[in-house]
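With the sequences and hints as input, model every part of the structure.
Single-letter residue listing:
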Amino acid sequence: MKIYGSKELVEDVISRDMCIGCGACNFLCPYFRPYRGKVAMLFPCDLDKGRCWAYCPKAEVDLEELSKIFYGKAYEGDPLGSYEEIRISRAGPRMMAKGDFQAGGTVSSIVSLALKKGYISSAVLTDRKGILPVPRIVTRPEEVLECSTSKYTAAPTLSAFNQAVKDGYRNIGVVGTPCQVLAVAQMRTNPMEDEGFEDPTGLVLGLFCTWALDYRAFEEFITSRVDVSSIRKVDIPPPPAEIMEVYTDGGAKMEIPLDEVRKLVPETCTYCTDMTSEFADISVGVLEGRPDMNTLIIRTQRGKDIVDEAIKEGYLVVEEMPKKNLEHLRWAAGNKKKRALVKARDAGIVNTSDGKRSLLRLAPKTLEAIIA
Amino acid sequence: MSNLMDNRKGRQHLLMGNEAIARGALEAGVKVAAGYPGTPSSEIVESLSRVAKEANMYVEWSANEKVAMEVAAAASFAGLRSMCTMKQNGVNVASDFLLHLAGSGTRAGMVIVPCDDPGALSSINEGESRYFARLVEIPLIEPGDFQEAKDMTKWAYELSEEIRNVVMLRSVTRMSHASGNVRFDTLPRDNVKAMFKFDGFILDQMEGLVISAPVDYKHAQQQEKIKKAREIFEECPFNTYTGPDRPELLVITSSACNLYAKEAIEILGLEDRVGLLKLGTTWPLPPNLMKKYLSMTDRVMVIEEVLPFLEENVKVIAAEMASDIGIKRFYGKNDATLPMVGELNPDIVVSGMSRVMGIDYKPVPDDYAQKAQLYATTKSPNRELTFCPGCPHRASFWSIHNAIELDGRKGFVCGDIGCYTMALLPCGFSTLKTVHAMGSGTGLASGFGKLGQFGFDQPVLAVSGDSTFFHTTIPALINAIHNRSNLTLVVLDNSGTAMTGFQPHPGLEKNAMGEEVPAIDIAGVCRAMGARVEVRDPFDLEETRNTLNELMEDEKGVKVLVLRQMCALSPEKKAKKRYEMSIDEEICIGENCGCDRVCTRVFRCPGLVWDKERKVTRIDEVICTGCGVCADICPAGAIKRKEV
Ligand SMILES: Cc1cc2nc3c(=O)[nH]c(=O)nc-3n(C[C@H](O)[C@H](O)[C@H](O)COP(=O)(O)OP(=O)(O)OC[C@H]3O[C@@H](n4cnc5c(N)ncnc54)[C@H](O)[C@@H]3O)c2cc1C
Ligand code: SF4
Ligand code: SF4
Chain A
1 MKIYGSKELV EDVISRDMCI GCGACNFLCP YFRPYRGKVA MLFPCDLDKG
51 RCWAYCPKAE VDLEELSKIF YGKAYEGDPL GSYEEIRISR AGPRMMAKGD
101 FQAGGTVSSI VSLALKKGYI SSAVLTDRKG ILPVPRIVTR PEEVLECSTS
151 KYTAAPTLSA FNQAVKDGYR NIGVVGTPCQ VLAVAQMRTN PMEDEGFEDP
201 TGLVLGLFCT WALDYRAFEE FITSRVDVSS IRKVDIPPPP AEIMEVYTDG
251 GAKMEIPLDE VRKLVPETCT YCTDMTSEFA DISVGVLEGR PDMNTLIIRT
301 QRGKDIVDEA IKEGYLVVEE MPKKNLEHLR WAAGNKKKRA LVKARDAGIV
351 NTSDGKRSLL RLAPKTLEAI IA
Chain B
373 MSNLMDNRKG RQHLLMGNEA IARGALEAGV KVAAGYPGTP SSEIVESLSR
423 VAKEANMYVE WSANEKVAME VAAAASFAGL RSMCTMKQNG VNVASDFLLH
473 LAGSGTRAGM VIVPCDDPGA LSSINEGESR YFARLVEIPL IEPGDFQEAK
523 DMTKWAYELS EEIRNVVMLR SVTRMSHASG NVRFDTLPRD NVKAMFKFDG
573 FILDQMEGLV ISAPVDYKHA QQQEKIKKAR EIFEECPFNT YTGPDRPELL
623 VITSSACNLY AKEAIEILGL EDRVGLLKLG TTWPLPPNLM KKYLSMTDRV
673 MVIEEVLPFL EENVKVIAAE MASDIGIKRF YGKNDATLPM VGELNPDIVV
723 SGMSRVMGID YKPVPDDYAQ KAQLYATTKS PNRELTFCPG CPHRASFWSI
773 HNAIELDGRK GFVCGDIGCY TMALLPCGFS TLKTVHAMGS GTGLASGFGK
823 LGQFGFDQPV LAVSGDSTFF HTTIPALINA IHNRSNLTLV VLDNSGTAMT
873 GFQPHPGLEK NAMGEEVPAI DIAGVCRAMG ARVEVRDPFD LEETRNTLNE
923 LMEDEKGVKV LVLRQMCALS PEKKAKKRYE MSIDEEICIG ENCGCDRVCT
973 RVFRCPGLVW DKERKVTRID EVICTGCGVC ADICPAGAIK RKEV
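Residue numbers (my numbering), protein chains in the order written: chain A, 1 to 372; chain B, 373 to 1016.
Please note that a few of the clues may not be correct.
Stated by the list, open to error - In silico PhoX-like links for lysine-lysine, alpha-carbon gap of 20 Å or less:
#, chain 1, residue 1, chain 2, residue 2
1, A, K365, A, K73
2, A, K166, B, K1012
3, A, K49, B, K987
4, A, K365, A, K343
5, B, K569, B, K590
6, A, K343, A, K356
7, B, K782, A, K38
8, B, K634, B, K734
9, A, K233, A, K129
None of these hints come from the bench; they were simulated from the model.
This is the structure:
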């Protein structure tokens, strides 16, 4: 695959508002920086090839190649990607009552265990300051709890990942949305063919995601409705609720119709084909009808080892995935994939030829099958 | 002891034009001199400040040109000879007072000295001060060499006292900054007492009120003064003619162009065919003198800088006396014999004159331009305009630029006048988007910051130097605060008027004569006016940038960030390194992904050098001032600083 540089990144992604602000291009060099939900290029760089381009999940993502590298097979377009097992789970007795989790606390539990048991040296998580998501490198299990709960705006989490790598961390654990997990997957393939490259990750934990909100738009929206400093948690309960719940100090809860919130979703999310972080070791989402549980997808051996250990150590409790839930999950994930690919095809940014750059590449017949 | 106080008559000294003007003032017994620093005028007040004690003078750098002129005028009103200096556009600043001063008239001799900058060698305009003399109806004189610079200055005081009005003596860069031999007269021994008289008859200029009203009376009186000046000019020894009695062409010129015209006549061997009328008194023109020389020939060429001021005045006078002297053919700016922008030089004058005289002359060989280009690009070191090594402005604009880019709402900076005007260029990361007069950055920002009701949502910033702050930023800032404009003013406080050579300003504890004076605290002034004020060290890049972003996001009114760090060239700092800098070549990323030479390609402090062969950055220890800022921009931590 041909690698381009920052000029093309700006041209194809940033200036076309395709940037989700995942942070993958941030702090690799002195030029790309995150700031309040946006990525800025401070000065032009004149190199033809760069990691910024190579890592970006919105520029030339070759799903075939990634699938081959991580799963040893062609990309088949399964709505849930490639996986070993699907379960439902929640924090085990060793974790319960410790913190405020988004749902079952699966993510925080697994990360805590992995840190404690030395599967990972550090974890790149997403804390918050007010409503601003703030990437953080943590090394102690207690710090994991400080970063729990979902921030529904896109976050430059991977800027902290890049800093962790630069600071010399190896076996890094990282929790991210599907776009972030896709960027991490591209990093792990060493696209720039750097000598002496080692995969810096110890665990990639992916979240489910239908969309994330544009930070600046959300800030404007929410500050006109509540005192931002009093917000304790934001939740989007599983369907059919169709609301965003904002919990404030003193236990008050405000409900905002999801339709209003959807207006704040950046265009780039509508091109995203991945709902379940298909290139993670483990993927976690909510579970319809059971707010205290998570959906858990185990995709790799390394993921499975950690989950097994977490169960054994009382960090995690798992149950069988109800068939109805699985069907619905497939349906929702398939829908997202199809919609995004139709849109990308219509925009002429998938599988382009004649030297034109693409958003995505996958086998033409797979594309046909998904869209059909 | 300074040359300037040499009291031996007839002694010669090599003096810069500005020093010659200062000596002329000393020989005239000037007691008070005030000015605002501005190239090419600054050395006049500077020279006088150095001998102020010895000469029993009061010399000051004023807050701005208008105040300088007022300070000088007060001396005149109190019976002391005075001088006021400024660069060309300073006259614009002072012009409101000048109009009224010309109307009220002066008492003891008063001379204002604007030094124009044709070609804008150190300006962003090539404004003409001469038009002001005509506009406000005061006499204008222009020395044509260094001796005249001294002699005419001295004479200007006699003229001023003769007509009891202010006289303008105009210089230009090539007159002010070049040097020549000047023969001295003696210095006066005087013992004047200052006293402002006001008890006399109300209309008595010398003992009554000093005002420009009643206007009809005063204006008529002023015009009588100008008539008198014209009569005096008829006999003025500074108007000279050289050449044949019946030249084919009469060249009329003044100031530094006199030197170019002389040279051109010589180069073209036209001594017998061309006459040269060098005018020292350029407004109002003396009619009889003009008639005498205009009668000599039918062809007239006017050589001057920049606009056709003299040319127009000569044409008017020639038209008025056309029935006596006949119709003339004119060459000059209006017919494009000479260019109407930029500085003249002997080459330009020679080619213009040769065309007028029908002489085939090539001032430069055909391939000159080509060769010059070749030498310029291959032989001379690449010297682009840039901030000095260790300059706080580079650090300040780095942070301002980055804050604006991060903010991402298309914020912009209204620039102002000082070294930092260079931030229009890549050396300041092309941060400034407008630059006009002093103080205008904040005035423009005040206006931009009120456009919210029309959907304007860009963050507005302005910059102002410390000296500029006192000069004219304050009224604009008051305007912005009072009218609830939304802007961030960054005061680049480098503790001096660095651009023009560290003249003191009201923010400092020493005045022009080295005396202790109270310093005005910029942050305190802004706070008292009601602005939100922060003070930072621009060498702390992260803190500065953070603060700027915070201020830009605070949309409630006027925010001021004072960035305080002494100029790298300031006398206190010079040659004192804070850090010893070095490069860890092992970890320098250089041209690779991850850096792409941010230090030598973007930040570009002259102390950092890219070693092309070895592909690493080096520190040029001779040039590096040890400010340590580059250590914070290197993504690899390859630039090391060690405290010294
Ligand atoms: C923007 C967004 C959209 C989501 N959309 C869906 C969806 O449509 N369907 C669904 O089933 N689940 C969705 N989720 C996942 C869900 O909200 C929970 O994160 C997940 O179920 C894990 O729950 P938990 O109790 O284990 O999390 P916790 O134990 O509370 O841990 C949450 C973890 O998420 C990380 N995190 C928080 N915000 C962000 C962020 N903005 N970017 C990256 N990482 C972050 C934190 O580092 C923390 O480790 C979304 C999450 C996010 C952040
Ligand atoms: S890597 Fe992430 S932050 Fe950078 S341009 Fe791509 S989407 Fe935006
Ligand atoms: S900024 Fe640092 S890494 Fe980059 S070229 Fe300069 S010294 Fe080397």
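Quick rundown of the hints versus the structure:
1. With a C-alpha separation of about 15 Å, the suggested pair K365 of chain A and K73 of chain A falls inside the 20 Å cut-off, and the hint holds.
2. At most 20 Å may separate the alpha-carbon atoms for a hinted pair to count; K166 of chain A and K1012 of chain B meet this at roughly 18 Å.
3. At roughly 18 Å between alpha-carbon atoms, K49 of chain A and K987 of chain B fall within 20 Å of each other, so this suggested pair holds.
4. Taking the CA atoms of K365 of chain A and K343 of chain A, the gap is near 17 Å; set against the 20 Å cutoff, the hint holds.
5. Using a Cα cut-off of 20 Å, the hinted pair K569 of chain B and K590 of chain B holds, with the two alpha carbons roughly 19 Å apart.
6. This hinted pair checks out: K343 of chain A and K356 of chain A have alpha carbons roughly 17 Å apart, not beyond 20 Å.
7. Restraint check for K782 of chain B and K38 of chain A: the C-alpha separation of about 13 Å stays at or below 20 Å, so the hint holds.
8. Distance hint between K634 of chain B and K734 of chain B is fulfilled; the C-alpha atoms sit about 18 Å from each other, no more than 20 Å.
9. Pair hint K233 of chain A plus K129 of chain A holds up; C-alpha atoms about 12 Å apart against a cutoff of 20 Å.
Checked against the numbered hints given earlier, the structure satisfies every one of them.
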